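Trainee: These are the residues of each chain, in order.
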Amino acid sequence: MRINPFIFGIAVIVIFLGVILSFQAAGIWSVSGKVTSGGQAVQPSAEDVNTIKGWMTLEQISTVYNVPLADILAQFSLPADTPASTAIKDLESDTFSAEDLRAWLESRMQPVESEATGVPVSDATPTPVVLPTEIVATPLATEHVAPEKTITGKTTFQDLLDWNVPEETIRQIIGGDLPALTTVIKDYATQNGLEFAPIKTAIQAEVDKTK
Amino acid sequence: MTSQPLPVLPSRVKPRLRGWKSLLTHQTFRRVVQLGFAAFILVVTLQHVLAGESSGNVTASPEAYCPFGGLETLYKYITSGGSFVSHTHLSNVVVLVAVLVTALLARSAFCGWVCPLGFIQDLVSGFSAFLRKRIPGLRKAMNALKKRGSRLAFLDRYLRLLKYAVLAWAVIGAGVYGVMVFRDYDPWSALINIAEFSFTPGLVVLGITLAASFFIERPWCRYACPLGAASGLVGKFSPMYLKREADACKVCKVCTNACPMGLPVHTATTITSADCMGCLECVGACPREGALEVKIGIPLIGQK
Numbered sequence: 001m002r003i004n005p006f007i008f009g010i011a012v013i014v015i016f017l018g019v020i021l022s023f024q025a026a027g028i029w030s031v032s033g034k035v036t037s038g039g040q041a042v043q044p045s046a047e048d049v050n051t052i053k054g055w056m057t058l059e060q061i062s063t064v065y066n067v068p069l070a071d072i073l074a075q076f077s078l079p080a081d082t083p084a085s086t087a088i089k090d091l092e093s094d095t096f097s098a099e100d101l102r103a104w105l106e107s108r109m110q111p112v113e114s115e116a117t118g119v120p121v122s123d124a125t126p127t128p129v130v131l132p133t134e135i136v137a138t139p140l141a142t143e144h145v146a147p148e149k150t151i152t153g154k155t156t157f158q159d160l161l162d163w164n165v166p167e168e169t170i171r172q173i174i175g176g177d178l179p180a181l182t183t184v185i186k187d188y189a190t191q192n193g194l195e196f197a198p199i200k201t202a203i204q205a206e207v208d209k210t211k
Numbered sequence: 001m002t003s004q005p006l007p008v009l010p011s012r013v014k015p016r017l018r019g020w021k022s023l024l025t026h027q028t029f030r031r032v033v034q035l036g037f038a039a040f041i042l043v044v045t046l047q048h049v050l051a052g053e054s055s056g057n058v059t060a061s062p063e064a065y066c067p068f069g070g071l072e073t074l075y076k077y078i079t080s081g082g083s084f085v086s087h088t089h090l091s092n093v094v095v096l097v098a099v100l101v102t103a104l105l106a107r108s109a110f111c112g113w114v115c116p117l118g119f120i121q122d123l124v125s126g127f128s129a130f131l132r133k134r135i136p137g138l139r140k141a142m143n144a145l146k147k148r149g150s151r152l153a154f155l156d157r158y159l160r161l162l163k164y165a166v167l168a169w170a171v172i173g174a175g176v177y178g179v180m181v182f183r184d185y186d187p188w189s190a191l192i193n194i195a196e197f198s199f200t201p202g203l204v205v206l207g208i209t210l211a212a213s214f215f216i217e218r219p220w221c222r223y224a225c226p227l228g229a230a231s232g233l234v235g236k237f238s239p240m241y242l243k244r245e246a247d248a249c250k251v252c253k254v255c256t257n258a259c260p261m262g263l264p265v266h267t268a269t270t271i272t273s274a275d276c277m278g279c280l281e282c283v284g285a286c287p288r289e290g291a292l293e294v295k296i297g298i299p300l301i302g303q304k
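Just so you know, the protein sequences line up as chains A and X, in that order.
According to my numbering, the first sequence is numbered sequentially starting from 1.
According to my numbering, the second sequence is numbered sequentially starting from 1.
It should be emphasised that the hints constitute simulated quantities derived from the structure, not laboratory data.
A couple of the hints might just be wrong.
As the list claims (entries may be wrong) - In silico lysine-lysine, DSSO-like type, Cα no more than 27 Å apart, as pairs: (1) X:LYS295 - X:LYS250; (2) A:LYS154 - A:LYS89; (3) X:LYS295 - X:LYS243; (4) X:LYS146 - X:LYS250; (5) X:LYS21 - X:LYS250; (6) A:LYS53 - X:LYS76; (7) A:LYS34 - X:LYS76; (8) A:LYS89 - X:LYS243; (9) X:LYS253 - X:LYS21.
Stated by the list, open to error - Sample of chain X residues with no beta-carbon within 10 Å of chain A, all distances over it, derived: (10) SER22; (11) ALA60; (12) ALA106; (13) LEU131; (14) GLY137; (15) PRO201; (16) VAL205; (17) VAL251; (18) ALA258.
Here the structure is a predicted model, which means the values were calculated and not measured.
Using N, Cα and C, we set each Cβ at its ideal position, and we do this for glycine too.
Extracted from the complex, chain A is given alone in its bound form (with noise of 0.2 Å):
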């Protein structure tokens, strides 16, 4: 059977738009991730750190986890008069992204042994955060180092064996031979397709052995 070309166009049109159409009808539709398919808004949740996304904002990210703002701001070595309204996804830089944010709250969130009673503790201790009204930032000298051994997006295989962390043990956490010692741990794993919080958690915990 021969077609019209013309035929043929308004076809692929109709075809094309009627099934986009069809799903929008169906409420099979979202062009965000700010916006539920209902139309709420997406909120990050407390329990899980995955629920970040690169464009919610500081002051999201304080409120939800209940980590002031300048604890952010230092952990990163973000400039300290960084506004809480600054999407994460603007900030990103070799020292911060949001799966460096997502590693950091994950192992704030992790429960702490009591080393006298051996109850878990959760070293989130309530602190004042940033409230969506009023942003405060506190100054803060723009060159920070973070707390000694805590593995952090900087800290290469180097400084575990510096902190007497067994090769072994590094390489039982990471699946493989150590690469060259001078590699950062989170480029490493960016580079062979694993995901960083996990191998952070499991190394930090090695680290805390050690001190």
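Place chain X on chain A using the hints.
Mentor: Showing chain X alone in chain A's frame:
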């Protein structure tokens, strides 16, 4: 009484349309459709850039309408029960379904009628043709280049396979690593995110694509587009095909010269190639009535 076969009548030359009537062709219609979709994406992009991410208003990123994003996130969407890889949303999956349904019914017509990146390549190629027509020196130089380049024509069929490798890498990579491994190399992504002023390999690929479009039509679509590869494969099961009537055809090669994908239309009986994007440029260019037509037949077996 024995029946004698009717003698084949010589095909008629199509009447030449003049004045405004020459614009009433399916090619003009196709350009209007392409322009409409490109304008839509431009508006979405400007809206997103001007409103900004930190705005209280939710504006769609142009990436939300990219069907290939749907293909990259499909594995995660299915296996995780509804979550997506970064930069993709439900809309990507829906647009992907629309592209595949279109391919199933009308081959890769999405590429020929809708895709804005294809349209941009068409614009550059059209500009190149415009210049060649008006600057004899350029025309001579391009012809000389084409003559020299013809020695490498044997590479064409192998290079066309590259897009299937890109498709496999992008889809498997996204499935294994949970991120869009192709995004940094994607010229479309580079173009719609150009306002971010970030230098990515995709920007280089975009530059090469646009520069190559000056010399050959649709270079990205021919050799590297993973969405075109997926659409072409699904399109193999489409009932739509092009038929060249050997009796009416004078083998003038106008159709082959008009094909943006460089398919040898004038030697084929039926055009069912996965690379055919249903733009119907060949049908429009054919000077004879009934020599080249769009037809419907049973997929795979009834298209003769």
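Trainee: For which of the previously enumerated hints does the structure constitute a violation, in increasing order of number?
Mentor: 8, 11 and 12
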